[in-house]
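The primary structure of each chain is shown beneath.
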Amino acid sequence: MPLRLLKFAFSKNHPAPRFFRALEQPKKSYDVVIIGGGGHGLAAAYYLAKDHGITNVAVLERGYIGGGNTGRNTTIVRSNYLTPEGVNFYDASVKIYEGLSEELDLNLFYSNRGHFTLAHTESAMRTMRWRAEVNKHVGVESRVVGPDEIAKACPQLDLSCSGHAPILGALYHAPGSIARHDGVAWGYARGADRQGAEIFQNTEVTGIDVQSGKVAGVHTSRGYIATKKVLSAVAGFTPRVTKMVDLDTPIVIHPLQACVTEPMKPWLNSILVSGSLHVYVSQSSRGELVMGSSLDPYEVHSTRSSLDFVEGLTSHMLDMFPFLSNVKIVRQWAGMADMTPDFAPIMGKTPVEGFYLDAGWGTWGFKATPISGKTMAETIANDRAPEMIHSFRLSRFEDYELTGEKGAASVGH
Amino acid sequence: MKLLHCPMNGTRPISEFVFGGEFRDMPDPEASTDKEWAAYVHNRNGAPGLKKEWWYHGPSGTWFIAERNTLTEEVLRTYLFGQETAA
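Those protein sequence lines, which keep their order, are chains A and B.
Counting along the first sequence from 1, when you hit position 167 you're at 167 in our numbering, and nothing is skipped either side.
Counting along the second sequence from 1, when you hit position 22 you're at 435 in our numbering, and nothing is skipped either side.
Here chain B stands alone, though its shape is the one from the complex (with noise of 0.2 angstroms):
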């Protein structure tokens, strides 16, 4: 069984948890034009490598940030939003 860190309750099976894509900034949405919202709602950096993803677990209701390699499938840390340094 995969497991995975959950900031606030510790390791957990990955089943316990929802994938919710990689961590983006938002584009201003008053000052951007059609084609770049377009851009910022479809596209997706698809390519292997290491990355920010949000991550939910789901019996606590907990989303955090994940930094996980996409190629290997090796997560490297998690915490919380806005707690990356602490972590």
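Next up, chain A with everything else stripped away, as it sits in the complex (with noise of 0.2 angstroms):
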């Protein structure tokens, strides 16, 4: 719009456009009330309006849009799974991923970098080839790489990490990306007020009221809201919210923590992953490198981050990376990952009437935002889950039908 751009240069005011309309106070009752303002809960309500024509929607938010594990992540976006229930649900969203900057018309900064999953032993490699089978078999790009391939695409890695745990080999994965993660959060969250969704930034749900099994309204800071049906997407205020409706999971709560250094020149193109040395890392298109690593040990709910793990971290990327040792770590975070046991998600309908939930993405839950919404959106109209997300209902522990991703969703174990 380059005519649009000139106007704004030669006009005396520049106001920020809003994303969405600042309401004050939510209406009595709403059709859906969607709990969590994070990149799943607005993609929702963006697809239950834009896909099933449901726009009286609230999304409730305690603190600001995005400001949960949605903008915490370090923005991987890849399909390279393990079940293949999981490996067509994460490459549906990576479909959906390339298209979505068009669709909500802001740039995400989706940008395709190609992913290798560091193998050091050869029990990694066994697992490597097992994912590379079952992705191809899915019709999803990966295969198995030797250290040659890994050393072209990034030279600066050092093979032998140090003598450590010389690297035997990967498994690349084409389509593997990284995106604006916030975006995706304001992207959805434009969208869905475009189309009649109602969003409140600084709402805290206080209270779900269920009456004879089935959901009635929500207790709020801002008062009570009628409506039939709630979502829950809040990752890591997941068991306070499902208590609030006594229901039981297999959810608890760890601390997953990440880092940036300074920027620097471009120069890592790759995302490069490494379970054995406990590392992610990316380049992000503003030069830092985001890197994140595996879970802290024990229970925790805050946000709170380190110096244990900043240490480890680096001491792990500086067998990788050696020349990077006067660089500067800028800032670290962390985020309540909201952990499974099998490590695959909790989505769909519960033994709670209305009462839908959205849950369990550890430490795997940007990359699915847009899948997510989508059957969720698709779960709440018709009251009933589509069959791409059959794996991961609630019932399936009791059961015993887990879905087990543990070897491709996470570093570390």
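Possibly wrong hints are sitting among the right ones.
Label pairs and their computed distance ranges (CB to CB) [said to hold, decoys possible]:
hint	chain 1	residue 1	chain 2	residue 2	range
1	A	P166	B	A444	36 to 44 angstroms
2	A	D399	B	M421	41 to 49 angstroms
3	A	S315	B	E435	26 to 34 angstroms
4	B	G462	A	G146	33 to 41 angstroms
5	B	G462	A	S162	41 to 49 angstroms
6	A	W267	B	G462	40 to 48 angstroms
7	B	M421	A	K214	51 to 59 angstroms
8	A	D383	B	E435	33 to 41 angstroms
9	B	T424	A	K152	21 to 29 angstroms
10	A	S162	B	G495	33 to 41 angstroms
Listed next, the in silico DSS-like pairs over lysine-lysine satisfying Cα-Cα at most 25 angstroms (straight line) [to be verified]:
hint	chain 1	residue 1	chain 2	residue 2
11	B	K465	A	K243
12	B	K415	B	K464
13	A	K243	B	K448
Just a sample of chain A residues kept apart from chain B, beta carbon distances all over 12 angstroms, derived [unchecked claim]:
hint	residue
14	K7
15	P15
16	R62
17	E98
18	E103
19	N107
20	K136
21	C154
22	R286
23	T314
24	E378
25	F397
To be clear, the hints were calculated from the coordinates, so they are not data collected in a lab.
Glycine included, C-beta positions come from ideal geometry on N, C-alpha and C.
Could you use the hints to bring the two separately framed chains together as a complex?
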């Protein structure tokens, strides 16, 4: 829009455009109330309106939108999972992501980089071969590569990892990408708002009104809202919300920490992950190295970060890239990861009628934002979960039908 | 560095310890239904608060109980299993 840009440049005032309406007070009732204004909740609001014409929707956010795990992850988008159900689901997400900047009319800095999961042991190589075969079977571009190909993609990498953990090979996943995570939340928020959904920040849900097994409304810090359908999309706050409706789940909360370096000239094109060294790293479009590690080892409901984490992570980074020894860490933070025993999410209906759960996103939620919003919107609109998320249902635990993604969901186990 | 008090070895760095999850009573496997047993196996009390937890001191092989607030990370007390009243 060069003409619009020119007019803007010559104009005397430059108001920041609002992304969604600043509404004061929620209405007395809504068709659907979504708890949690992160990527998942806002995407669900967006697809409820776009795919199903349901626009009488409120999104209630305790803090500010995208301020939870949506804005705390390391922005990696990939689909090289271990189970066919998982690969299918995350692949559908990657496909939406690829066209999402256009669809939301917002530059998400979606950048396709290629993703290497490094293997330092023969047993890790076995898992890589397994994942590659499952991926290929489902039609996702993943293959096992040797050290030569890794060196070609990333000549800066010390393939011996300072002699501690020589790299034997990797799982290469071509669609692996990174994106601007806060942009995803803001884009979906604007899209949902334009279609009629109402977003309320600084609005905490304090209770859920359940009458004879059915949702009747929610108590909030801005008063009572009547509704028959509630979606909980609150990641690390899930156990507090499920407690409001007396629902037991396997979810436990562990902090997951991350950090970034000062910005540098672009040198790292690929996304690199090492399970053995507990590191994943990419270089953002701003030039910072974005780095994460494994979960903190015990349950804590807090977003504090620790020196132990940054010392451990950087020592492993130096095994891989000794030349970074003078680079400074400029920020570190943590998110509250809602972990499940099988490292797959918990999505769909619950025993409480009208209470829908989008949770158990642990360390793997950002990449699933579009598809989880789409499938949860479908679940709410039809009161029936689509086939695609059947393996992620809450009742899989009492059916002893777990969806084991542990080998592909995270690092450090 | 974070520290934790082991009832056998005194105060040690947290890196010497392993978290063993919340202390829970096991239902009678003979008397419980499949559904009750599945709930025991999988479900957890994930909400924050003061919890009784299993912890393990690796170097000495000591399992013990810690009473810890999972919201504030304060440890109220630690004691060997069965010695709650003595602690």
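Taking the hints in turn, this is what the structure says about them:
In this structure the hint that A/P166 and B/A444 lie 36 to 44 angstroms apart at CB is violated, the actual value being about 54 angstroms. The given range of 41 to 49 angstroms is respected by A/D399 and B/M421, whose C-beta atoms sit roughly 42 angstroms from each other. As the Cβ distance of A/S315 to B/E435 is approximately 32 angstroms, the hint placing it in 26 to 34 angstroms holds. One distance hint, 33 to 41 angstroms for the beta-carbon pair B/G462 and A/G146, is violated here, with the actual separation near 50 angstroms.
Restraint check, B/G462 to A/S162: a C-beta distance of roughly 43 angstroms satisfies the suggested window 41 to 49 angstroms. As the Cβ distance of A/W267 to B/G462 is approximately 47 angstroms, the hint placing it in 40 to 48 angstroms holds. For B/M421 and A/K214, the Cβ-Cβ distance of about 52 angstroms falls inside the hinted range of 51 to 59 angstroms, so the restraint holds. About 34 angstroms separates the C-beta atoms of A/D383 and B/E435, a value consistent with the hinted range of 33 to 41 angstroms.
A C-beta distance of roughly 51 angstroms is found between B/T424 and A/K152, which places it outside the suggested range of 21 to 29 angstroms. A hinted range of 33 to 41 angstroms for the beta carbons of A/S162 and B/G495 is inconsistent with their spacing of about 47 angstroms. This hinted pair checks out: B/K465 and A/K243 have alpha carbons roughly 19 angstroms apart, not beyond 25 angstroms. At most 25 angstroms may separate the alpha-carbon atoms for a hinted pair to count; B/K415 and B/K464 meet this at roughly 19 angstroms.
About 19 angstroms separates the Cα atoms of A/K243 and B/K448, which keeps this hinted pair within 25 angstroms; it holds. Its beta-carbon lying about 52 angstroms from the closest one in chain B, A/K7 satisfies the requirement of being farther than 12 angstroms from that chain. Every CB of chain B is more than 12 angstroms from the CB of A/P15 (nearest about 41 angstroms), matching its label as outside the interface. Against chain B, the non-interface label of A/R62 holds: every CB pair exceeds 12 angstroms, the least being about 15 angstroms.
The beta carbon of A/E98 sits about 35 angstroms from the closest Cβ of chain B, which is more than 12 angstroms, so the claim that it is off the interface holds. A cut-off of 12 angstroms between C-beta atoms confirms that A/E103 is not in contact with chain B; the least separation is 35 angstroms. At the 12 angstroms boundary, the C-beta of A/N107 stays outside the reach of chain B, the nearest C-beta of that chain being 37 angstroms off. With a minimum CB-CB distance of about 32 angstroms to chain B, A/K136 clears the 12 angstroms threshold, and the non-interface call stands.
Every CB of chain B is more than 12 angstroms from the CB of A/C154 (nearest about 31 angstroms), matching its label as outside the interface. Against chain B, the non-interface label of A/R286 holds: every CB pair exceeds 12 angstroms, the least being about 32 angstroms. Every beta carbon of chain B lies more than 12 angstroms from that of A/T314, the smallest distance being close to 16 angstroms; the non-interface claim holds. Look at A/E378: its CB is around 26 angstroms from the nearest CB on chain B, clear of 12 angstroms, so calling it non-interface holds up.
Its beta-carbon lying about 4 angstroms from the closest one in chain B, A/F397 breaks the requirement of being farther than 12 angstroms from that chain.
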